[in-house]
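Novice: In terms of my numbering, the sequence shown opens at residue -7 and continues consecutively.
Read the hints as simulated data drawn from the structure, not as lab findings.
Note that the coordinates shown come from a computational prediction; the quantities given were computed from them, not determined experimentally.
A few of these clues could be false.
[Unchecked claim] Mimicking DSBU-like on lysine-lysine, the simulated pairs with C-alpha atoms at most 35 Å apart in a straight line are: (1) 750 <-> 498; (2) 218 <-> 187; (3) 363 <-> 746; (4) 531 <-> 553.
[Claimed, not checked] FRET-style restraints, in silico, Cβ to Cβ: (5) 456 <-> 752: 42 to 50 Å; (6) 535 <-> 311: 19 to 27 Å; (7) 322 <-> 299: 32 to 40 Å; (8) 311 <-> 550: 35 to 43 Å; (9) 314 <-> 352: 50 to 58 Å; (10) 154 <-> 235: 50 to 58 Å; (11) 382 <-> 361: 29 to 37 Å; (12) 725 <-> 301: 19 to 27 Å; (13) 361 <-> 463: 20 to 28 Å; (14) 509 <-> 311: 25 to 33 Å; (15) 470 <-> 331: 49 to 57 Å; (16) 331 <-> 745: 14 to 22 Å; (17) 458 <-> 348: 47 to 55 Å.
Beta carbons are placed, not taken as given, at the ideal position from N, Cα and C, and that holds for glycine.
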Amino acid sequence: MVGPARSPSSNRAQDRLNERLAKAMANRASKTEDNSTVTSNVTSGAASPANVTTSPRASSDLKIEDVSNNHTEPHSDRIESETGTLEAGLTNEQHEEAPASTSKPMPLVVEPERLSLDLHASPDSRRQSFEASGTKIVEPNSTPDSGVVQDTNLRTPAEYQETIEQMRSDYEAAELRRQDEMHEYLERIDALQSKLQYLTKEAADIAKNASSTAAYGSTEQKLAAKDEKIALLMEEGHKLSQTELKHMSIIKKLRGKSIEDEKQLSESRQLAENQDRNIRDLQERVKRAEAAERRATERSRSLVNIERDLENMRDERDRNTSLIETLRKELSDSQTAARENDLKIQEEALDVERKQVASLREGLSRIKLEKEMTEKDHLAEIRKLKEKIERDNERSRTAAIERQGEQNILESRLETYRARAEEASAGSTGDVQAKLLRQIETLQNQYAVASENWQGIEGSLLARVGLLEKERDDVSKREADVRRKARETSLRSRRVEEDFDRAASKAQDLQYELTQQSTQLISLQEKLSRAEVEATKAKREFQAEREVWEASQTKRVDEEKARQREELSRTPDALYQHFHIDSPVTSSRNRKGSNPDRHSPHGRRYHGLAMSGVPMERPVSRRSSTQPLHSADIRSLSRQNSATFTHSSHVNGTVPETPSITVHDQDDFFDGVRTPASQENTINDVISASTGGAGPSVLLVERMSAAVRRLESEKAASKDEFVRLLQQRDEAREQVVSFMREAEEKRNLDERIKVLEKDNQGIQERYLTTLEMLGEKSEKVEELKADVTDLKQMYRELIDSTMK
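Kindly generate the complete structure, drawing on both the sequences and the hints.
Specialist: See below:
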């Protein structure tokens, strides 16, 4: 029963010892760091000595089972004395690192009563703490660095470099120390693990022996069984920790392999994508090459249709030129018609304006007459009302005078009656009273009649006052209506003025645009006239050059034919004569292949004509009539003709005669050679192959290719020219349409402006008349109000006088 009683106290003492040891080691580590400014791991240094110091405690506790508290106290006192000596040497205690250092160390107290599976995980946790502490090397050194920077704000760069070098050397030394300490701690951990295994085995053996020696069912036997289970569990935990370490290492290896596999996979994907891109590029290139081949074949096929297209395009060009001429005529006609329409519209607008002015004047005269009539009616009504009021006043005055007279009469009668009554008072009183009563009754009757008359007069006057008030209300209503209408007319006039301002601004803009368009039209007409002059000049030059060229060509052809006849007459073969009659080109080819006189001046000239290549784009050249033309100039004349055709067509509207695209002048040299597939050409090729080799056939191919290139260039030039003509025609049409639209808009705006001006004038006149009428009506209303107030005062005075 002693063992269970002492286990809690020993555990508490062991916890206190571990805490003190951790604090002491932390303080010592912080002191060494402050002295050497080297970063070191405090938590690992604080945790490992505790583990070392606890191992003898664990071994002594495992070896001794049934010992009392008196036996454990000397051991704890010894450890406390050791910690006291360590604490006495340390003065500065860092309170910030103490909680971290006390939380990290895992004490290896091997008590048989309180051991659990958590103790087996302590070596791994210690290693993890060592690794984690190794990563946090620079943290303790952060505050001293900041202090050094604050103290050395005014140092030179050399001093900063020295301090940096010193800090680097200190850091390397501290890193080496940390690695050495880590290796030492790892060795100690391994030793402690082996010691722990040995102690667990010993504890298991001791527990087995104790359980075998102890009585069955006793507490010692139960404790021994529990110790045995604890030792077995510790062994199993150690094995599990080893297997866990193996598994962790395997997991790390597998993760590394998976990362490498992912990298390889991504690289392979990138390679595959690059290959796909290359394949796509190659496919696109192949497609482009195939498309280029197709285009080449199509071009070669379309060469036959180019001549037809050129002829059709020239016909279209002629039609377009005639159409342009007709459009110009239509434009001039439309301009003249537009001017005539403008004049007509202006005359019609003037007529409409005159009619509107006449109608407005008639309406104004009618309004003035109506105004005069209404004024006369109002004046007559006012006069009647004034006369009625004066009559009523006179009647009221006469009635008041009559009442006053009657009142005076009655008062005199009353005085007489009083006098009589006083006189008769001395006589019989009864008769006097009767007489007085009769007189009083008569007076009462007279008063009743007078009151009835006054009530009738008052009722008539009140009725007249009500009528006047009604008339006043009607006049106020009319005044409100007139004011409302005046406001509406003012708003309308403002709107009309705004519309008029807008229309005026639009008219100014349109006028400005019209001036710009007219200037543009003038400039275009000037350009047109210049182009026509240039076209006439070019036509004259072309005709002169054409005449010179035709003369030179006829002369040259005659010379060539005569020379060919002479050469063919020398040859005995009849075939030469036959081919001389059909095609002078074959004879010239045979002569060039066999005749040694090819280097004569005529032969050189003909050879130059045959071998001169025509470029794709050659500028149009104009020569004088005295200078001879070469073959390249002859080929360029057709292009010159096509280029100057549009200018020459503007002179008189007629389409001049142009040479066709087949160029008969070029083919005068070889009359029979039109197509390479003809029979004459094949015979000529055979003759050239048999006599002079492949020279003349190559010349023929070159000539044909030059002719094809020339035709292509002429076709391209004619296409460009045709497109340009179409664009000019479309632009001219658009300009005509825009001019007509602008003219129509301007006419509409002018009409609208005139209408708005008329409306504005009418509205202003109406506004002025309404203002005048409103002023007159307001004056009349004020006069009527003054009359009504006067009547009210008179009636009040009459009522007051009657009531008195």
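Novice: Taking the numbered hints from earlier one at a time, note which ones the structure violates and give those numbers from smallest to largest.
Specialist: The structure conflicts with no hint, since it agrees with every one listed earlier.
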